[in-house]
Amino acid sequence: MHPPRMSAPSCIIPPLEQLVIRPHIVPLLPNFHGMESENPYAHIKEFEEVCNTFREGGASIDLMRLKLFPFTLKDKAKIWLNSLRPRSIRNWVDLQAEFLKKFFPTHRTNGLKRQISNFSAKENEKFHECWERYMKAINACPHHGFDTWLLVSYFYDGMSSSMKQILETMCGGDFMSKNPEEAMDFLSYVSEVSRGWDEPNSREKGKFPSQPTQNPKGGMYVLSEDMDMKLKWQQ
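Numbering (the UniProt record's numbering), first residue to last: 1 to 235.
Among the hints, a few may not be true.
[Unchecked claim] Derived pair list, reagent style EDC-like, types lysine to aspartate or glutamate, alpha-carbon separation capped at 16 Å:
#1 164 <-> 125
#2 76 <-> 36
#3 74 <-> 38
[As the list claims (entries may be wrong)] Okay, the calculated beta carbon distance ranges per label pair:
#4 59 <-> 109: 27 to 35 Å
#5 157 <-> 109: 18 to 26 Å
#6 179 <-> 76: 38 to 46 Å
#7 90 <-> 132: 35 to 43 Å
#8 132 <-> 61: 31 to 39 Å
#9 174 <-> 36: 42 to 50 Å
#10 97 <-> 26: 17 to 25 Å
#11 129 <-> 54: 36 to 44 Å
#12 122 <-> 55: 39 to 47 Å
FYI, nobody ran anything at the bench for these hints, they're computed from the structure. We treat Cβ as the ideally placed atom computed from N, Cα and C, and that holds for glycine.
All chains should be modelled from the sequences, with the hints used to inform the complete structure.
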């Protein structure tokens, strides 16, 4: 005689609202295995996109996410979910918070934030390569908490002198007068139009049109030397 099979109580409190999950949705869900190389925020974003696409009429979107999310977890991630205290998850917000706390802990967040705040251009790196690498660092940590002006400042501070020269030439020397959103848009624009350019070191001296001979002027995106988190407002 074998003892009766007992199922461990679920960590999710069964919701009062009913939702019928259609079988064709489950294979379309992204998977998360709990590996260090996986990004939990990217997983949640992709998962929510699928849920929004197949949302059932009249059903709560959060209920749908709560019911479907366990199907996305595999291996270590599934073991983690099954190890949570029974009936400790009341809703999608609870489940999402526990998931991120486990797979995106504070030390990982701090490490990615340092990649943003200490960003610098590599030797001989093209402008668009530098910008794309910076945006990749930002997207890897969407909860970084930095204001837009700081994101602009960190990138500007990490640019090479030749990149700053290109930037000032492209905007007629008034980059520092742009508001944070305009500055981010302009950096993206310069990145796009510079794709076909040669690397700065491969050009002959003087080949950039209307190169400014003076150093880039100070402004709202130049951080003070004695305090990284302070603006230098100059007219």
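Failing hints, ascending?
none
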